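Quick note, the sequences are listed as chains A and B, same order.
For the first sequence, counting from 1, position 45 maps to 139 in my numbering; every step adds exactly one.
For the second sequence, counting from 1, position 95 maps to 326 in my numbering; every step adds exactly one.
Hints may contain errors.
Claimed, not checked - In the DSS-like style, the derived pairs of lysine-lysine whose C-alpha atoms are separated by at most 30 Å in a straight line are: (1) A:Lys114 - A:Lys158; (2) B:Lys329 - A:Lys114; (3) B:Lys329 - A:Lys160; (4) B:Lys283 - A:Lys158; (5) B:Lys283 - A:Lys149; (6) B:Lys300 - B:Lys283; (7) B:Lys300 - A:Lys158.
Simulated from the structure, these hints should not be mistaken for laboratory data.
Please read these numbers as outputs of a predicted model, since none were measured by experiment.
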Amino acid sequence: GAVVSQHPSWVICKSGTSVKIECRSLDFQATTMFWYRQFPKQSLMLMATSNEGSKATYEQGVEKDKFLINHASLTLSTLTVTSAHPEDSSFYICSAQSSGRGNEQFFGPGTRLTVL
Amino acid sequence: DAKTTQPTSMDCAEGRAANLPCNHSTISGNEYVYWYRQIHSQGPQYIIHGLKNNETNEMASLIITEDRKSSTLILPHATLRDTAVYYCIVRVAEYGNKLVFGAGTILRVKS
Chain A
95 GAVVSQHPSW
105 VICKSGTSVK
115 IECRSLDFQA
125 TTMFWYRQFP
135 KQSLMLMATS
145 NEGSKATYEQ
155 GVEKDKFLIN
165 HASLTLSTLT
175 VTSAHPEDSS
185 FYICSAQSSG
195 RGNEQFFGPG
205 TRLTVL
Chain B
232 DAKTTQPTSM
242 DCAEGRAANL
252 PCNHSTISGN
262 EYVYWYRQIH
272 SQGPQYIIHG
282 LKNNETNEMA
292 SLIITEDRKS
302 STLILPHATL
312 RDTAVYYCIV
322 RVAEYGNKLV
332 FGAGTILRVK
342 S
């Protein structure tokens, strides 16, 4: 149990295009999901907290108009990188929190984004 | 403003116990100690968490000092597949609270 999936696992796009990444909790409901970004040889950096049915909460320095987050159901959150540029190339990871499991967070496998 | 400090890296022989230390001297009374690990190019994996008592599960044991200012994660019989970055995080265990990752410890298990 406690499985979180992400789709796609990797994506390559041209500069200026938008990319949508999906995060799904497969066997539990999550009113809260989190989005992280990780550059090579660095730790995970929290980008935003995604709340089902309400607006996401962004960390300082993260542009909310560039990284659009939608949490439309208890099992799905999406992150859209708008007008992607090469500096947005990174490993994007989501996590989902289950209230029924002691509030642990379970992480997806990550999405590797490469912007050409 | 990391709340924990961990060694940058450690080596461990395959089959031996791996003991990973973590200092969290400013931990608050309602903050738990969580351990996650991240194998290369994968999402982090939850290992264990605890408040003040020692905890054990199928993956590891967590030993927390009586003053709660430090803890040790123990992998009793390390295998090559345990090579990963291990993160020690302190956090109030309330729903919606975020995890803030530090640099972690790179554990290399060698045959």
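(message) When the structure is checked against the list of hints, which entries are broken? Sort them ascending.
(response) As far as the earlier hints go, 4, 5, 7 are violated by this structure, in ascending order.
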